[in-house]
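Chains as they are written, first to last, in our numbering: chain U, 1 to 407; chain W, 1 to 258; chain L, 1 to 291; chain Z, 1 to 337; chain F, 1 to 234.
Hints listed in this document are in silico derivations from the structure and should not be mistaken for laboratory results. Here the structure is a predicted model, which means the values were calculated and not measured. One or more of the hints may lead you astray.
Chain L regions said to be covered by chain U (calculated; three or more residues, Cβ under 8 Å) [as the list claims (entries may be wrong)]: (1) 66 to 79; (2) 96 to 109; (3) 202 to 216; (4) 220 to 226.
Virtual Cβ for every residue (Gly too), placed ideally from N, Cα, C.
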Amino acid sequence: AAEPIRIGVIYDFTGPFAAGGSTAAAVGTEIAVELINERGGVGGHKIVTIVADAQSKAEVAINEATRLLDQEKVDLLMGVYSSAHCVPMAQKVDAQKKFLWANVCVSSAVFKDKNLKYVFRGQVHSDQFGWASCTFLNEYSKAKLGIEPKDLKVAIIHEDGPYGSGVASGNEENCKKYGMQIVQNEGYSATAPDLSSLVTKLRRAQPDVILHTGYNPDITLFLRQAKEQGLKWRALIGHGAGYGQIDKLKAAFGKDSDYIFNVDPVAAQLLDPKTLASGLGDLTAEMVKRYKAKTGATEVPPHTSMGFNQSWIFFTDVLPRAIAKHGGYSPDALRLSALETDIPVGGTIQGYGVKFDPPGSKMAGQNSRSSPVVMQYVDGQTKIVWPTAIQTMDPVMPLPAGNSYAR
Amino acid sequence: MSAMLQVRDLTKKFGGFTAVDRIEFDLNEGEILGLIGPNGSGKSTTFNLIAGALTPTAGSITLEGRDITGLAPTQVCHKGIARTYQIPRPFRKLTVLENVAVAAYYGANQLISRDEAWRLAEDALELTQLSSDPRARVDGLGAAGLKKLELARALATQPRLLLADESLGGLDEKEMDQAADMLSDIRRERGITIIWVEHIMGVLMRVVDRCVVLDHGEIIAAGLPQDVAHDPKVIEVYLGSDAEALQTQVAGRVAGSA
Amino acid sequence: MEFSITDPFLWETVIQGLLFGGVLALLSLGLNIIFGVIDVVWICYAELIMIGMYAIYFLYADYGVPLPLAFIAGILTVALLGAALHHFIIRPILHTEPINQLLVTGGVLFFLQGFATLVFSVEFRNLGVSFGSFAAGDMFFPISRMLAFAVSLVAVVVLWLFLKRTFLGTAIRAISQDREIMPLMGVSPQKIYLVTSALGGGLAGLGACLLVLLYDIHPAIGLTFGPITFMVCVLGGLGNMIGGFIAAFIFAEFIALGGFYAEVEWGYVMAFVFFIVMMFIRPQGIMGSKS
Amino acid sequence: MNVPMILKGVGLLAVLIFPALGFSDYVLHIAISILIWGFIYTGWSIMGRFGLVSLGHGAFMGIGAYVVTMLWNHAGITPWIGIPVAVVVSGAVAIFIGFPCFRFRITGHYFALVTLALSEVVRLLIVALRDTTGGSLGVTPRSELTPEVAVSFYAMQFADKTVWFYLIVVIWLGGLLIWRAVDRSMLRYAMEAISQEDDAAASLGVHVTRAKLTVTVISAAMTAVGGAVYGQYQLYINPETTSGIAISLQIVFAVIAGGMFVQLGPTMGAVITLLLTETLRQTVGHDVYGLDVMVYGAMLVLFIIYMPRGVLGWITEVWSRRQEPRPTGTVKPQPGE
Amino acid sequence: MLELRDVATGYGSFQALFGVSLEVKAGEAVAVIGPNGAGKTSLLRVISKVIELKGGHISMEGVSLDDVPAHQVIELGIAHVPEHRRLFPRLTVEENLKMGAYMQAARERYRERLDFVYELFPRLKERRHQLAGTMSGGEQQMCALGRGLMSGPKLLLLDEPSAGLAPVIVQQVFDLVRRIRQEGYTVLIVEQNIQQVLKVVDRAYLLEVGRIKMSGAAQELLENDEVRRAYIGL
Ligand SMILES: Nc1ncnc2c1ncn2[C@@H]1O[C@H](COP(=O)(O)OP(=O)(O)OP(=O)(O)O)[C@@H](O)[C@H]1O
Ligand SMILES: Nc1ncnc2c1ncn2[C@@H]1O[C@H](COP(=O)(O)OP(=O)(O)OP(=O)(O)O)[C@@H](O)[C@H]1O
Ligand SMILES: [Mg+2]
Ligand SMILES: [Mg+2]
């Protein structure tokens with residue numbers, strides 16, 4: 001048999017990011033590798049992963065990347081949850097002419113103006129998160145809320161980490177572009193023990209819509225204090241991370257967690273398989289089955305799809321072509337192959353297509369066809385409400401009476 | 001001759017409590033002055049005021065014509081005043097010699113070489129009869145040794161005025177006599193002026209030239225030992241029934257020296 | 001932003017700050033009594049609280065123990081943990097440099113965080129219990145925080161009476177002033193230390209009872225409260241419970257009003273800067289008496 | 001020539017030929033990290049050994065890293081100028097915070113906690129000033145390196161780890177020399193005296209505040225240099241890895257583990273803690289999450305209980321006990337432990 | 001009442017007492033005198049078990065103290081007033097006295113004892129709410145004695161009660177000791193102030209470098225030439 005391909009997989013398994021979706025993404029990647037190997041690997045090569053824990057610390061992430069490349073002699077790196085890890089790692093790996101396939105991290109800063117050559121990312125980037133929620137509002141504000149976009153009052157709040165501030169700046173830029181009124185734009189630490197003054201200020205500013213980006217503990221704290229202090233809104237739009245974990249929100253807030261929107265790359269199982277290329281529906285079903293079997297969970301978070309989907313794209317598109325056409329899986333072969341990737345929309349389990357920005361462009365290495373969707377939670381179910389073309393439910397806006405947060 | 005040290009109107013209040021109350025005295029060069037008084041009468045506080053450890057509430061202190069009121073302890077030291085502590089405060093992590101060397105090096109008012117500092121330190125140890133094991137840790141010194149170390153450190157700063165606070169406490173009677181002799185020697189050989197606080201009258205009165213008696217922060221008597229020992233106020237608040245023995249002793253001294 | 005004394009939002013902020021101060025005050029109590037008596041700062045204090053929160057969570061959510069019972073069990077667990085911490089870790093180095101005692105509990109901090117990750121996993125957990133809030137006109141006040149406020153008031157009064165009135169309480173205050181002669185009074189210092197550690201632990205457990213109602217539980221929750229609790233204690237004068245109590249409210253108001261007039265983020269920056277400045281103005285803490 | 005001297009000579013030689021031994025980049029990376037941290041830890045121990053336990057060195061490290069990177073990114077000022085500027089800034093901050101602390105006799109737990117607040121303030125500031133600093137996402141010094149340019153002396157950027165290795169060896173040796181100079185100075189005795197009885201020291205002529213400030217500024221400046229070099233080497237800094245409580249604690253723990261009263265103790269601390277965390281993470285960490293942190297914590301506890309003077313302190317203690325009875329003769333004490 | 005046989009003790013490797021034997025009978029006042037560092041304090045400390053008994057035996061009224069931990073010694077009726085008074089400076093006078101009555105048996109008679117001490121030292125009653133650390137040396141000494149009496153001991157161990165005090169206060173302190181004796185307490189007292197203490201006690205032991213050098217009636221020692229030469233000067 002041919003030599004196995006060794007892949008260094010870096011995620012956070014401990015520290016605050018672990019439960020923020022990193023572990024879930026790692027399981028997705030693990031499932032993809034299993035499936036590929038069950039199918040005989042890629043071009044006869046088995047896939048062997050060497051998994052490393054970045055411990056939610058940038059320094060550890062860098063150490064592990066160096067170790068995997070130099071010590072474990074892996075052929076490429078894959079994974080990475082946190083944007084704070086992605087940024088330095090991408091630069092280091094690229095400088096060493098090694099190959100990094102980023103799965104989860106979203107920060108635009110990873111690629112913007114860096115002209116990286118050996119780093120690729122199929123995942124959406126943070127500017128798109130900010131763009132998606134504002135565009136969604138722009139399309140539905142008049143119809144659902146009866147408010148012209150230019151009169152719509154939005155508040156942007158975010159944890160002040162790389163993720164939250166990245167998304168928030170996308171929010172600000174795009175909502176401004178649509179002429180909306182940004183009545184509040186404020187960051188806070190994800191470990192802040194008290195957000196009551198933020199809630200008070202929001203009560204005074206009376207936004208129609210709150211655009212929120214945060215991790216789990218701070219989201220729970222915010223929603224709890226908002227509820228206890230009588231903050232009301234017409235819509236709350238979260239942006240992945242903590243908002244991707246609906247079961248946690250449900251455990252804490254029960255029925256009040258209904259009708260929250262979430263912008264995220266879609267959890268594959270929510271899509272209508274008919275809108276996707278053939279076979280992808282079964283693939284998603286298999287992923288869901290295995291995830292539930294591995295973790296015993298009932299809900300499959302979007303992060304699992306991200307971890308799975310990016311890996312799958314790599315294993316089924318980039319890697320085979322590199323081996324067949326470019327003579328192996330050296331960084332250069334992988335790079336050439338990745339630049340040729342051209343998957344149309346609907347060609348991956350998360351619905352988006354894949355086409356990487358070419359060298360020399362502003363976001364060289366970033367998938368230009370990726371896009372997040374806007375989802376809404378209803379009765380513990382997750383529905384897709386935007387883009388309208390693939391929606392599985394008409395968005396419910398404003399928040400129906402009876403909900404604690406409803407005006 | 002103007003006095004070496006002039007204390008004028010010196011007052012220290014702690015909150016509402018007046019520990020030192022408008023005291024005034026002069027000290028001549030080469031003198032040994034006994035500062036006595038009941039517990040809590042303000043003796044140590046007076047020392048702290050002169051040495052700069054406390055800032056006076058009012059009043060002034062003048063050393064050799066220059067005002068030193070309110071200077072920091074370090075500056076006062078550099079002006080030539082050294083003090084010992086009633087409760088010894090050795091640097092426990094340093095050896096005996098190092099303890100003294102720090103004082104020699106930093107206490108000098110000018111920059112001196114380190115070798116010079118070591119030499120001065122050894123010298124001070126000899127003077128205080130501590131030179132047997134200079135590399136020992138201070139823990140091994142015992143109460144008497146610690147009192148001597150206090151003196152040695154103070155002397156190593158090459159002071160012109162020494163404030164000695166209860167240098168005899170915890171010594172037995174024979175050691176007390178030795179220590180008292182040592183103070184006289186220091187004065188005689190080095191010309192160092194001394195203010196001495198002590199409760200052991202028998203020993204103190206033997207050595208001092210003059211006494212100042214404090215009570216409740218005020219000076220209630222001052223003068224030659226024999227006068228103070230006969231002062232009814234001093235007898236009442238301080239000496240008690242010891243007074244008689246003391247009077248005969250002091251009288252003996254006066255007779256002896258006459 | 002203009003300042004207006006009639007602004008109901010300002011008043012709401014002030015009162016919210018007060019309530020948050022109650023939470024901080026409660027948290028600082030245990031730490032203060034430990035410091036006041038044993039002269040040790042438990043850097044891992046917030047992690048003890050975390051263990052207490054987990055204990056309560058599992059008893060209530062997984063074993064169906066009624067909440068009040070789970071609370072009592074949580075308090076006892078942390079009390080026991082506090083006693084164990086003292087007995088096995090602090091006591092052997094009580095005679096060494098004080099800073100070692102602070103640092104050793106830092107080791108315990110990592111240990112407990114690792115332990116929680118290992119045993120409870122990194123999942124966020126939530127009790128899912130809410131007491132709602134109390135509305136006064138246009139202002140809303142969370143009952144759980146009012147509860148925290150009330151509990152900390154009661155706790156500080158009870159503790160004060162205990163320390164002032166009882167023999168044991170007097171001994172606890174005495175031992176911090178002179179450890180060595182306690183046996184001459186017929187007091188076993190070890191016993192007092194153990195009792196105090198358990199008491200400090202128990203107060204951390206009490207804190208856990210309230211925090212579990214307010215926050216998600218996860219292994220890193222200590223980061224949220226640890227630093228701020230230390231600041232409160234130091235600001236109040238380490239070991240001074242009344243000072244800590246007052247400092248908690250000052251600190252909380254700083255965070256609340258700073259957050260209200262500037263941004264939440266800057267509220268914390270201001271609170272920390274205020275802390276540093278205060279240390280220079282009153283280094284012994286606002287109520288400290290040590291010179 | 002005595003045994004420790006020979007050991008030191010052999011050790012230095014081993015360090016110098018290390019890169020030639022053909023280790024992988026990862027090993028070299030760990031070695032470089034050890035030396036950078038060893039330098040920073042040495043800087044900390046210059047004040048820590050005198051009982052000035054600072055939990056605020058994260059602040060100085062952050063200042064070092066950020067000042068240099070900000071000057072480079074925003075003003076194009078070379079790190080060779082940036083580092084002296086960072087040293088001045090951190091020295092100023094050290095004086096700003098140290099002067100009142102020392103004036104008002106803030107010591108022990110209080111000092112530790114005040115400085116802890118300082119490091120937290122610096123971290124919060126870096127985060128809050130995200131428009132300039134890049135916030136918690138961190139920032140990369142603008143790279144001058146391209147596939148063609150492997151060495152940019154002006155930008156203090158080197159693609160080759162060996163270059164870094166030697167540069168950092170020089171800095172680290174400089175740190176050791178500073179440590180030794182302090183150890184042999186009269187300042188050391190003054191600081192020992194102050195740490196025991198500051199009143200008595202003052203009344204014997206020691207400028208307590210000045211002495212404390214001197215060691216604090218030296219210590220802060222070294223830490224700032226360490227932070228700057230760290231940023232240049234990693235080509236990435238963020239508030240979490242260069243400032244804040246976590247870093248401050250890391251520094252203290254490592255020094256405790258290695259021993260702060262011995263010249264090479266802090267470096268030893270870097271060796272121990274880095275190897276320990278790397279090994280633990282790579283062995284137990286991958287199978288049982290959290291166990292490595294648990295073991296790390298437990299080791300710290302054991303270190304402090306059983307080896308309060310650190311590994312190297314303990315070794316030298318055992319060594320000198322075996323050398324007993326100590327040679328007498330010269331009265332002058334040998335500096336150092 | 002109290003009996004020591006061949007008692008040895010020390011600090012770490014340092015030995016402070018070597019085979020000390022002595023005896024105190026009920027109702028007696030006994031002094032231990034000796035130069036600095038002779039081990040007088042150590043002797044009292046080993047009796048109250050604050051330091052470890054490394055050899056020999058101690059018994060109180062026939063009950064062996066050998067294995068009794070320090071904090072239980074007081075229950076056998078021994079109260080130790082330590083060197084330098086050692087009050088709790090930030091507790092009030094009354095709280096200091098309260099600490100003296102900590103042991104269970106004494107708590108029950110707390111009020112009664114408090115009244116007794118206040119009667120003995122009316123000054124303390126006057127100052128009962130003052131912080132002990134702010135009182136004058138003599139007052140502090142009263143408080144320390146009072147604290148020792150609060151447990152209702154049969155035997156009182158006093159360690160240099162006159163040290164560092166002004167001459168008048170020294171006299172007061174010895175008066176106090178006399179009064180306490182008259183109340184029927186047995187007293188073992190350690191002093192540097194040999195002339196004074198020998199006027200108050202019945203018998204005395206002379207301790208030198210950890211060994212009993214001499215013992216006898218107080219008057220005898222006072223007149224002993226050797227003692228006079230070595231310790232009384234003059
Ligand atoms: N820092 C302080 N704060 C408050 N009161 C003080 C302080 N220092 C001293 N005192 C008080 O001032 C008075 C004088 O104290 P001082 O130490 O000067 O007495 P002293 O004459 O040296 O007594 P002794 O002979 O017992 O040493 C005492 O009542 C003391 O309690
Ligand atoms: N804690 C200790 N550690 C080590 N040695 C000690 C300790 N306490 C006392 N010693 C030593 O034990 C010996 C006896 O001391 P002790 O205090 O019993 O003497 P003493 O007769 O009471 O003297 P003094 O008159 O000074 O009070 C002395 O040499 C002393 O140095
Ligand atoms: Mg005095
Ligand atoms: Mg004694």
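Quick rundown of the hints versus the structure:
Coverage of the segment 66 to 79 of chain L by chain U is violated. Counting CB-CB distances below 8 Å, 0 residues qualify, and the rule asks for three or more. Taking a C-beta to C-beta cut-off of 8 Å, the segment 96 to 109 of chain L contributes 0 residues in contact with chain U, too few for the three needed, and the coverage statement is violated. Counting residues of the segment 202 to 216 of chain L whose C-beta lies closer than 8 Å to any C-beta of chain U gives 3; at least three are required, and the coverage claim holds. Coverage of the segment 220 to 226 of chain L by chain U holds. Counting CB-CB distances below 8 Å, 5 residues qualify, and the rule asks for three or more.
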